[in-house]
Amino acid sequence: MAIDPTDVPRFAHGSRIPGWDESADLEKSPLEVPDPATTHVPDDLRAEIEAHVAKYPPDHSRSATIPALWAIQRRYGWCTPEGIEQAACVLRLTPAELSAVATFYDMLDTSPTERNRVYVCTNISCSLRGADELLETFREHAEGEPDVHVRGFECLGACDIAPMASVNGTYVGPLDADDVPTLLRQLRDGEEPLPEKQLARRPSADPKAREPQS
Amino acid sequence: MPRPIREMVTFTLDGREVTAPESTMLVDAALEYGDVEIPVFCYEPKIGPPVGACRMCLVEIEGVPKLQAGCSVPVKDGMIVHTNTPRVKEAQEGVVEFLLINHPLDCPVCDKGGECPLQDKSFGWGSGISRTVEPKRHFEKPLALSPLIAIDRERCIMCYRCVRFSQEVSEDHQLVLQERGADTFVTTFDGHPYVAPFSGNIIELCPVGALTSRPYRFRARPWDIEQAGSICMLCPAQCNVSFTVRDERVLRVLQRDHEGVDNGWLCDKGRFAYQAIHVDERVTEPLIRDGGTLRAVPWELALETAAAALRRAGGRVAALAGGETTNEEGFLLQSLVRDALGSPDVDSRRGGTLPLELHRALVAPALQASVPDLQYAHAVLVLDTEPVDDIPILDLRIRRGVRHQGVRLFVATSRPSSLDDRARGIVRYAPGAGEAFLAALDAALTGEGDVDALAGAAGADADAVRRLADGLRDAGEEVVVLWGERLTAGPRGADAARALLNVAARLGLAGRDGAGLLEVPSAANGRGLREVGVLPNAGPGLCEPSAEGRDADGIAAAAAAGEIAALYLLHTDPLLDQPSRRAWGAALEKASTVIAHAAFLTEGIAEHATVVFPAESHAEKEGTVVHPDGRVQRLRRAIGRQGDVRGEWQVLAELAARLGADPRVLTASMVSQRLFDAVPFYAGLTLDEIGGRGVRWPEREQAGALPTAALGPFALEAPPAAATANGRLRLGAFRSIWAAPEVAASPALSFLRPLQRAELSPADAERLGLRHGERVVVASNGHSVSALVHLRQAAPEGSVFLESGIAEHSAANLDGPLVEVRRA
Amino acid sequence: MTDHLLFSNIDEPGLRTIDVYERRGGYGSLRKALATPREELIETLKGSGLRGRGGAGFPMGLKASFLPKGDMQKYVVVNADESEPGTFKDRELMQKNPHQLIEGIVIAAYAVDATISFIYIRGEYVHQADVLEAAIAEAYERGYLGENVLGSGFTLSLAVHRGAGAYICGEETGLLDSLEGKRGNPRLKPPFPANQGLFQGPTLINNVETLSTLPHIVELGSERYAEIGVQNSAGTKLISVSGQVRNPGNFEIELGMSSREIIFGLAGGTFEGREIKLWFPGGSSSPVLTKDDLDLPYDFDTMAKAGTMLGSGAIIVVDDSTSVVDVALKVATFYAHESCGKCTPCREGTSWTRKMLTRVKDGSATPMDLDIMASVQERIIGNCLCVLGDAMAMPIGSMIAKFRGEFEDHIERVRAEQERAILAGVSG
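Chains as they are written, first to last, in numbering that gives the first Met the number 0: chain A, 0 to 213; chain B, 0 to 823; chain C, 0 to 427.
Wrong hints could be hidden among the right ones.
Counterexamples of contact, computed for chain C against chain A with all Cβ distances above 10 Å [to be verified]: (1) Leu33; (2) Glu38; (3) Phe57; (4) Gly150; (5) Gly268; (6) Gln417; (7) Ala423; (8) Val425.
In silico lysine to aspartate or glutamate, EDC-like type, Cα no more than 20 Å apart, as pairs [stated by the list, open to error]: (9) A:Lys207 to C:Glu11; (10) B:Lys88 to B:Glu167; (11) C:Lys181 to B:Glu167; (12) C:Lys360 to B:Glu133; (13) B:Lys140 to A:Glu21; (14) A:Lys54 to C:Asp2; (15) A:Lys207 to C:Asp2.
Negatives, chain B to chain C, calculated, CB over 12 Å [as the list claims (entries may be wrong)]: (16) Arg2; (17) Leu99; (18) Pro116; (19) Glu139; (20) Lys589; (21) Thr666; (22) Arg770; (23) Gly781.
Just so you know, the hints here were simulated from the structure itself, not pulled from any lab data. By construction, the Cβ of each residue, glycine as well, lies at the ideal position given by its N, Cα and C atoms.
This is chain A alone, in the form it adopts within the complex (with noise of 0.2 Å):
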């Protein structure tokens, strides 16, 4: 295509999503379900796709569709075209096929991403207590730090801790503006993140709960 949509005024509004305006690279061959004998997948990888597998009925691997890119996200730090190819390999499943689940989920990244995850809780009991303000403040701190991908996220199911954030999956809150770069400094010392403000340790609301029973 001659025309680079980026000098053209009507393309600069600002509705881009990734993805639409990429055309097929017409000089790759079309891909099928790839062929084990021509597609190489590390062992460990392929045995880790198995034991997901087995966990379904027989005739029904493809359910492990989810659990597999989970593999491939954790060994790649993304869901890479190459994983899931690999991935696809084992499940005799296009990569494509793949690729349609991947790009349907919020968790699963089909591009490169840094290691380490900070989802911030932005919906509306998050926000309500000041979770956009806090997502403000964990991208500015966050700028430049190598290995950290801050992301605002939709409701984590932990509005009783709002406003709060996933720390590579751990739930942190609720956070105040001074928690941004311990928090920060935490992930880069490879320590725990927060561990006063973890939600696995925090009580029952339910004054009632507390109290034993007979």
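Once you have looked at the hints, place chains B and C on chain A.
For chains B and C alone, kept in the frame of chain A given last:
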């Protein structure tokens, strides 16, 4: 599996009583039986069950609080439906409004404009007023989805018909949705193009201008064009098509839905190879050889040259027909050779004929399965054919049966099949060992005979053969065997045919509705040509000929020995179409006259023809053909003949006249009539009766006029054992869907032209020290071809498979059964 | 007020381990259930009046009775994809008392004769999924799961399936597609999961809280359980209270309690000097109520009568320091983000509403846009493939209806500010 029988029910539609078959979806019942259109976008029953995604078809059903999607509500007795209440209207206007929020409305520059369901539905059911002021999404467009298809994502209304086609119909699973919500878009994985044998269907499925044909883009507007229905003649599937014609040029090919033939799908060859009609390489005037080269001459000179040469040959003439030859042309050809030239040597098969008895048995009406039977049978056995290459559209039919009707699919082939993934049972046997495999299956079905020894002779796993026998027996009564003509090629073809008939007999297929055999001939009209007498041992109607002639192999040998002076090639280049390239190379070299009807100067024609008559394309032809399931179909002219092309029936009739046997036919329909009179089981057919949908002759009363033949079971001879590899590899040949001169000649399709590749199992490759993609030499008896190694996990150990329908490095250059593979 | 059932001793140390759970009498209900004929057990569930705790409030026993009898493979699927904004009760149940859930699953599976079960847990709940997996391993070891459960001849497998972040997977058919390894698009209904669910087999699909209640119903008996709560809203319910309250969290209440008592009594009420502007009674997809509705009893029927719904039992409190425009935009943005994109009204309607609200927020809208927006909500409601579209349209519609003046004032104020800024620029 019995096809559903549906009771009629009566429901109320907008205050009127309408009667329709029970459980018909409301939108269909309303349109077909009540003449009320309920608008739809995502609904397309030929893809599969409704998904209710677009919400355009909302209707009010009394007693149900919410509006219901009419595409997914089966009609019930007493149901009261309203399609035009204010509530329905409000909802429909709402859906149109939603669909147009982001639709660019660039209709003036859109290929779909004028034939666009979104335009029609917006006009019919929208409010005509836009209330949105938000900027629409804009993206770069159009983009390439493949060399054949352009995608315009702005226009997409996310009905995802195309994706469902890829997932549920062609099952190539290459086209998917990515992202979510309003960001969702249609795409492939990581920028790979969507290239698959049936990809073009998504263009026709798209209800907006989001998917357009790159070869058709901006070539015409709907008001510039006319549609002309005919039959695609590029393979035996004989799909019903409609040619889009502008100024006597074919610009596009669309499906012409026929449940009994194609179910409304086309393969990409059928859809795009129309380009070959209008390319410079096409032969559009008569040529004669002059000083070593072919040069264009006036018709009179060409005809006289041909007639003189045939006269000179004095009966030492032989003819082969293939490709797009119609029944009428075949009929005139055999009459020319037999009656005017006095030679019995005519054939239309690859690699030898069968005894007349077997020809008759194999087309016996009692044994014929129809195309829809593939979809509704209890079990389907795919035998020695790869449907996607040999008869593409039936691949989709088989998949549909497996997916929606629970058909049990079994595959018995030498080369791994694309249907393997859908099969309940697979048997692999050595290339060319079909006869031994069938003998083993016969033994397993009867419980008599040594299954282990016979399976061993076939190079097959005896247990797999037993499981197949059990699977076929247990599936139910209706079994369809889809078998490839190549099973019965070669010197032991008759034995293989008998073994096939035995299996049919053991399964009790004769006379059973919904069951039977369905042959995949190697030529598009292979069945028709045999029925009209283009066989060395059968005249029109499979009658005894006055004299028995030589078959294709015999003709090649006789010509090479100088016993045949003139060869008449009607739409066939034996170097491409016959199994042994070398035998035919010698034959053509030796023959003093080679007269060919050809559209392209393929190797054999270019080097050896002395006279070339330009062949009509299938868009220019009139006549009839016979579908593999016995359906007589009619070709109608869509465009005028290009250049100086003449009707080929005229050429054949003219030659016969010059040779003193004027058939006295003045029009194409006269030839058809002559043919219907000559073939007893076509008796009484008329072109009107055949019409646009065809007539299955085995279902007609006159079918009884086919001479009866024994259908078995027969006592079988012990089949020869397949060669043991002993360090070498067994050679298997296949012809891909893309190995056709029309593909090579069509600019849009030529990228699909196959290159030779040697398909090997990883085990053999390791033993030979070969890697994927490496160049190798495949050799036998001093002859060799060059190929790239292509590893396939599913490839059986001990065999190598090569492409046979290509000009260079064809498998036909090699003599089997064993070859050597080494690094180049 | 009755004693706590689900939350009883929820903070007891080690409750998540099988030893503590058993010591408290855990898995006793399972023994009792396995000794009861299936039909009788289903009658008990029906008689208890338990309504689904996931959001729709469909009677649980009735749903279980819809599964066909016969030899076909049947499934139980636990909906642990808790993702309705404001809802976090299942999280606490799974994290603190996983065996209560497992016991409920086995009872339900036995009742409907299912032998394969899955817990579909949202991918964000990493810790909770780990806890469940450990608990499941313990339960297998003690014979509560696997072949021949407690010698009864009944067999059940149970595995945890982790999602990966999509609200729509909380919709039961979207969840099933996701569990089958596809995009989590809701399916056309009918067929309902009870007839064709997971892998096309009959499937009972229930929320975590619903299934966690089963051991208590079996223990108490249907009559005693039905006595708790009010008419058509039997039993105790976990309520998640969040937003602008002093003591947000999960509380177990007897249905029918006054809403004011929940918000002010249990959750500590609003912050100093603030008043309630609006509150969502059942997650962000429920039409909003105002301070005038605080004395309504909190139960299924009363909420429905008030034009809203109890939903998942998540109360979100918004006080008068917050603009309704911000709340509406937040809600619309969420549902537009989470729309799966399959059906037209939801895909286009949610994103259009979000765009319109963005214009309201920045002052470039007009009151006519509010009319269009209200009409767009009408065109979404009831016309979608699943309820996600309604989940946005209902609260947005209710906010426009109840706070129209505030929307108009906001537009007017922002525009006036912008005009002043422009004039200041010109004159300056």
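Checked hints:
For C:Leu33, the requirement that its beta carbon stay farther than 10 Å from each beta carbon of chain A is met, with the minimum near 23 Å. The non-interface label for C:Glu38 is consistent with chain A: the shortest C-beta to C-beta separation is roughly 27 Å, beyond 10 Å. Taking the minimum C-beta to C-beta distance to chain A, about 22 Å, the non-interface status of C:Phe57 holds against the 10 Å cut. Listed as outside the interface, C:Gly150 is consistent with that label: its C-beta sits roughly 25 Å from the nearest C-beta of chain A, beyond the 10 Å cut-off.
Its beta-carbon lying about 14 Å from the closest one in chain A, C:Gly268 satisfies the requirement of being farther than 10 Å from that chain. Look at C:Gln417: its CB is around 19 Å from the nearest CB on chain A, clear of 10 Å, so calling it non-interface holds up. For C:Ala423, the shortest C-beta to C-beta distance to chain A comes to about 27 Å, beyond the 10 Å cut-off, and the non-interface label holds. With a minimum CB-CB distance of about 26 Å to chain A, C:Val425 clears the 10 Å threshold, and the non-interface call stands.
Only pairs whose Cα atoms come within 20 Å are accepted, and A:Lys207 paired with C:Glu11 is accepted, the gap being roughly 12 Å. Among the hinted pairs, B:Lys88 with B:Glu167 is inconsistent with the structure: their alpha-carbon atoms are about 32 Å apart, more than 20 Å. Straight-line distance between C-alpha atoms of C:Lys181 and B:Glu167 comes to about 14 Å, which keeps the hinted pair within the 20 Å bound. Between C:Lys360 and B:Glu133, the direct Cα distance comes to roughly 14 Å. Compliance with the 20 Å bound is thereby established for this hinted pair.
Taking the CA atoms of B:Lys140 and A:Glu21, the gap is near 10 Å; set against the 20 Å cutoff, the hint holds. The suggested pairing of A:Lys54 with C:Asp2 is violated, with an alpha-carbon distance near 39 Å, which exceeds 20 Å. The straight-line distance between the Cα atoms of A:Lys207 and C:Asp2 is roughly 9 Å, inside the 20 Å bound, and the hint therefore holds. For B:Arg2, the non-interface assignment is confirmed: its Cβ lies about 22 Å from the closest Cβ of chain C, beyond the 12 Å cut-off.
The beta carbon of B:Leu99 is not kept farther than 12 Å from every beta carbon of chain C, the shortest such distance being approximately 9 Å. In this structure B:Pro116 is separated from chain C by more than 12 Å, as the shortest Cβ-Cβ distance comes to about 14 Å. For B:Glu139, the shortest C-beta to C-beta distance to chain C comes to about 20 Å, beyond the 12 Å cut-off, and the non-interface label holds. With a least beta-carbon separation of about 62 Å from chain C, B:Lys589 lies farther than 12 Å from that chain, consistent with its non-interface assignment.
In this structure B:Thr666 is separated from chain C by more than 12 Å, as the shortest Cβ-Cβ distance comes to about 54 Å. Interface exclusion of B:Arg770 from chain C stands, the closest Cβ pair being 33 Å apart, more than 12 Å. With a least beta-carbon separation of about 53 Å from chain C, B:Gly781 lies farther than 12 Å from that chain, consistent with its non-interface assignment.
Violated hints, listed in ascending order, are 10, 14, 17; each of the other numbered hints is respected by the structure.
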